[in-house]
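**Student:** Sequence:
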Amino acid sequence: MAYYRQVGEVPPKRHTQHRGPEGGLYYEELMGEEGFTSDSSLLYHRNLPSALVDSSVWELPDLGTEPNHPLRPRHLKLHELFGGTEWKRYDVVTGRRLVLGNADVRISYVVAGETSPLYRNGIGDECVYIESGSGVVETVFGALPFRQGDYVMLPRATTHRWLPQGDEPVRAYCIEANSHITPPRRYLSKFGQLLEHSPYCERDLHGPSEPVLAEGSDVEVLVKHRGSAGIVGTRFVYPEHPFDVVGWDGCLYPYTFNIADFEPITGRVHQPPPVHQVFEGNNFVVCNFVPRKVDYHPLSIPVPYYHSNVDSDEVMFYCGGDYEARKGSGIGQGSISLHPGGHSHGPQPGAYERSIGVEFFDELAVMVDTFRPLELGEGGRAAEDPGYAWTWAGRGPKQ
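Note that UniProt numbering has the sequence shown beginning at 1, numbered continuously upward.
In case anyone wonders, no lab produced these hints; they're calculated from the structure. Accuracy of the hints is not assured; some may be wrong.
Stated by the list, open to error - Straight-line distance between alpha carbons at most 30 Å, and here's what the computed DSS-like set of lysine-lysine pairs gives:
#1 88 to 224
#2 88 to 398
#3 293 to 327
#4 77 to 190
As the list claims (entries may be wrong) - The following label-pair restraints were derived from C-beta to C-beta distances:
#5 52 to 13: 26 to 34 Å
#6 392 to 50: 54 to 62 Å
#7 266 to 72: 48 to 56 Å
#8 53 to 265: 51 to 59 Å
#9 225 to 6: 27 to 35 Å
#10 225 to 297: 46 to 54 Å
#11 11 to 333: 48 to 56 Å
#12 271 to 71: 24 to 32 Å
Please read these numbers as outputs of a predicted model, since none were measured by experiment. Positions of the beta carbon are idealized from the N, C-alpha and C atoms, including for glycine.
Please take these sequences and the hints and turn them into a complete structure.
**Tutor:** What follows is the structure, encoded as structure tokens:
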């Protein structure tokens with residue numbers, strides 16, 4: 001995020017001596033993207049950030065996927081993945097169940113009540129949407145409070161942990177990239193400022209405000225990273241706690257953005273999905289559909305027109321309100337619809353006619369469009385509604 005911030009104490013000039021109250025040097029670390037040619041921040045540690053005392057294998061959960069073949073639209077009921085009170089023993093990192101994935105992005109879901117281990121994703125940025133619940137993400141940059149409706153944006157290789165708060169579980173929809181996740185380029189100036197036609201601005205982004213300083217020895221950090229056979233995990237042990245940063249500055253850091261601060265773009269006739277875009281990564285985009293005034297042409301049809309995803313798979317996560325176009329499909333709160341490339345899709349039968357004259361949609365959904373086919377993960381297969389593909393026709397295959 002090309003938006004400069006400073007937290008804690010930093011020296012007047014970079015790459016110069018920065019000493020603590022007792023005269024000892026702090027250790028400067030550059031955390032930067034794209035080999036010193038893109039956004040970066042400078043962090044000042046009490047201890048050597050590269051010191052390790054152990055490294056062992058972290059066995060990851062099932063990350064295997066199966067092709068969507070034979071090709072069909074899918075309905076996945078994510079709330080069925082975590083039943084009863086079992087969420088109390090899960091955390092936001094190790095409790096994730098993979099729903100959909102490809103070589104560019106993985107989508108997981110978790111319901112959690114436990115504090116997570118310290119964790120770092122060395123593969124790509126993470127965008128975690130908070131369906132419900134609240135808490136704090138402690139990071140090497142500082143603490144980020146989160147609440148329902150927040151996108152929690154975590155740059156690649158940010159050491160952090162999740163601390164749910166209160167009596168309710170944290171329901172988290174986790175979008176893990178193999179790249180960086182940024183605001184759409186069309187909303188940025190050539191220097192990175194969000195422009196006037198953007199549906200949100202820098203005031204809506206909330207980063208850490210002060211360092212998190214923690215003590216400890218032989219501290220474990222779980223690291224997800226690339227391996228010769230795909231994604232692998234390593235358990236690092238550090239001699240000192242990695243939350244030892246006394247200050248930092250730069251344009252790379254974690255932040256939150258609440259979906260309620262997204263200002264919808266509307267028009268006289270139905271607007272295409274790109275007007276709902278909020279973020280983008282390599283070969284995928286993230287959009288959100290929020291409560292809004294809808295089309296106001298006298299002959300408008302407010303629900304979406306039928307459309308073929310020629311170049312992309314469309315994933316819609318329904319997380320609030322009443323989604324008019326999907327009535328009669330079985331889709332509800334916590335559902336995912338997957339409409340793959342090669343399939344024409346649109347409103348359920350009757351929705352076209354019912355929407356005429358409607359002036360406002362009270363709906364909340366997070367959409368991910370990918371430009372490579374998505375495959376089903378273990379969580380997606382476990383949560384599938386097998387009858388969804390036939391809901392437009394009203395009947396399934398002949399037996």
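**Student:** Please go over all the hints and tell whether each is borne out by the structure.
**Tutor:** Verification of the supplied hints:
Taking the CA atoms of residue 88 and residue 224, the gap is near 24 Å; set against the 30 Å cutoff, the hint holds. Annotation: proposed proximity of residue 88 to residue 398 is violated, straight-line Cα distance about 44 Å (limit 30 Å). The straight-line distance between the Cα atoms of residue 293 and residue 327 is roughly 19 Å, inside the 30 Å bound, and the hint therefore holds. Restraint check for residue 77 and residue 190: not satisfied, since their Cα atoms lie roughly 42 Å apart, outside the 30 Å limit.
Taking 26 to 34 Å as the suggested C-beta distance range, the pair residue 52 and residue 13 conforms, at roughly 30 Å. For residue 392 paired with residue 50, a C-beta distance near 56 Å keeps the hint of 54 to 62 Å intact. Look at residue 266 against residue 72: about 32 Å separates their beta carbons, and that is not inside 48 to 56 Å. Between residue 53 and residue 265 the CB atoms are about 52 Å apart, so this pair conforms to the stated range of 51 to 59 Å.
For the hinted restraint 27 to 35 Å between residue 225 and residue 6, the CB-CB distance of approximately 30 Å keeps it satisfied. Between residue 225 and residue 297, the C-beta spacing of about 51 Å keeps the proposed range 46 to 54 Å intact. The hinted range of 48 to 56 Å is satisfied by residue 11 and residue 333, whose Cβ atoms lie roughly 50 Å apart. Look at residue 271 against residue 71: about 28 Å separates their beta carbons, and that is inside 24 to 32 Å.
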